[in-house]
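*Asks:* Line by line, the protein sequences give chains P and L.
Residues in the first sequence are numbered from 14 upward in steps of one, following my numbering.
Residues in the second sequence are numbered from 14 upward in steps of one, following my numbering.
Note that these hints are calculated values from the structure, not bench results.
For clarity, every value in this text was computed on a predicted model and none was experimentally measured.
Backbone N, C-alpha and C define an ideal beta-carbon position, used for all residues, glycine too.
It is possible that part of the hints are untrue.
Unchecked claim - Keeping only pairs whose Cα atoms sit at most 30 Å apart, straight-line, the calculated DSS-like set for lysine-lysine is:
| hint | chain 1 | residue 1 | chain 2 | residue 2 |
| --- | --- | --- | --- | --- |
| 1 | P | Lys250 | L | Lys143 |
| 2 | P | Lys196 | P | Lys78 |
| 3 | P | Lys138 | L | Lys59 |
Unchecked claim - If you want the footprint, here are the derived chain P segments under chain L, 3+ residues with CB under 8 Å:
| hint | region |
| --- | --- |
| 4 | 97-107 |
| 5 | 111-119 |
Number of protein chains: 2
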Amino acid sequence: MADIKLSKIATRAPKGTDKDATKAKTKLLIDEIKVLQDVLIASGKKSILVILQGMDASGKDGVTKNVFGTLNPIGIKVHSFKKPSEEEFAHDFLWRVHQVAPAKGEITIFNRSHYEDVLIQRVHKWIDEKTVSQRFDAINNFEKLLTQNGTVILKFYMHVSQEAQLERLEERKTNPEKMWKHKDQDWEERKLWKQYINAYEDVFKNCSKAAPWQIIPTDHNWYKEFLIARKVRDALKDLKLDYPKLITNIKK
Amino acid sequence: MADIKLSKIATRAPKGTDKDATKAKTKLLIDEIKVLQDVLIASGKKSILVILQGMDASGKDGVTKNVFGTLNPIGIKVHSFKKPSEEEFAHDFLWRVHQVAPAKGEITIFNRSHYEDVLIQRVHKWIDEKTVSQRFDAINNFEKLLTQNGTVILKFYMHVSQEAQLERLEERKTNPEKMWKHKDQDWEERKLWKQYINAYEDVFKNCSKAAPWQIIPTDHNWYKEFLIARKVRDALKDLKLDYPKLITNIKK
């Protein structure tokens with residue numbers, strides 16, 4: 014994959030993009046996804062893994078809610094990866110991730126993922142560079158295994174500007190409905206912005222073998238939701254799945 | 014790893030090996046393993062994964078019982094892999110295996126393992142050769158991941174002769190204490206002996222990167238137990254672990 018320089022990529026919707034028209038298109042896309050999801054479940058041959066990564070307040074939760082929130086929950090699983098537990102730390106970093114990989118017929122959303130193990134852990138120097146490089150390989154191998162088994166992996170980097178992040182973090186201090194999201198730690202991590210950008214760019218470079226990264230501008234939530242819904246619809250459509258034919262031994 | 018030809022390797026203890034003396038040595042080895050296991054648990058840094066593979070009646074259950082049966086169960090886990098469940102089949106072949114990989118401080122025994130996915134499945138042509146080759150890679154990558162995380166993998170092929178197997182399968186038909194082990198299927202699989210040997214030799218050739226295979230003659234149970242106990246003792250000793258020092262902030 015060609016080197017990605019995040020500073021060269023817009024975080025906003027292209028000038029002149031019509032907000033209401035875009036929202037209407039997103040709604041239609043989600044209707045299409047619902048139909049395609051039904052076939053995905055029925056055919057039980059393939060699965061979709063959506064990986065959402067990005068800075069704090071880059072809009073990961075919003076995607077989960079607004080793009081996937083109305084799909085059939087029988088075929089949707091969401092996993093939010095937090096600080097590993099003691100038991101998780103006693104295993105390799107992919108142990109907890111592999112367990113929740115999608116089964117055939119499922120769409121699984123990773124809200125944060127195994128990439129945290131080469132992002133926050135690297136930025137804070139909790140791991141050395143040799144481990145980072147071993148983990149890049151392990152991630153590529155793991156994603157290849159899933160891909161060979163019929164999983165389509167969609168990796169989205171939620172590309173937010175420092176200004177938009179500041180606005181959103183500030184809102185969490187004042188909006189009573191958002192205060193529960195406020196964490197002092199987010200303000201500390203914000204100071205490491207440059208280091209995170211570097212670590213992300215290195216991830217894009219080293220971990221795009223099994224599945225490419227897609228950079229999603231997220232300063233406008235309505236635009237981000239449209240882009241992701243379109244990618245998901247396209248991925249489902251490309252699977253060209255059909256409802257299985259009737260199988261029965263019962264004679265009339 | 015140099016090519017292994019099983020037909021060239023003995024299935025019996027070397028001539029003149031003293032049975033009682035060997036059994037006495039095994040007992041001492043197991044005592045040593047117990048002491049070393051206590052440090053393994055206490056230090057919580059490393060783990061041991063023992064993989065037992067071999068034809069039916071090659072003596073896998075006996076190893077589990079007689080070599081590992083008296084160790085501290087707090088640090089021992091045994092997983093016998095059977096035909097995958099529907100949920101397991103809906104995931105990649107390593108999904109169920111990764112979940113039960115050892116945590117730091119543990120000794121885990123796999124009675125059969127992910128290798129069945131390139132043995133029984135290949136011999137019966139349930140998978141094509143492209144899948145076999147993808148799985149070899151996936152196994153090597155998986156074992157590398159575990160190794161890099163502090164797991165020592167000991168892979169034992171239980172090398173039994175066709176004659177000794179016949180004797181043991183026959184005994185299951187007549188000995189009331191062994192009848193529960195009899196399965197008609199074992200007699201069917203026995204007809205595929207040559208194909209299994211070929212599949213095993215191919216496994217040794219292709220899946221010895223992260224950890225080598227050790228061929229254990231198993232026509233004599235007492236000899237097999239001695240060899241495996243010695244390998245396990247050596248592996249634990251090589252870890253050079255110590256009891257952690259006291260950590261406390263309580264002032265007297």
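*Asks:* Hint compliance check: list the failing hint numbers for this structure, sorted ascending.
*Replies:* When the structure is compared with the hints, none of them turns out to be violated.
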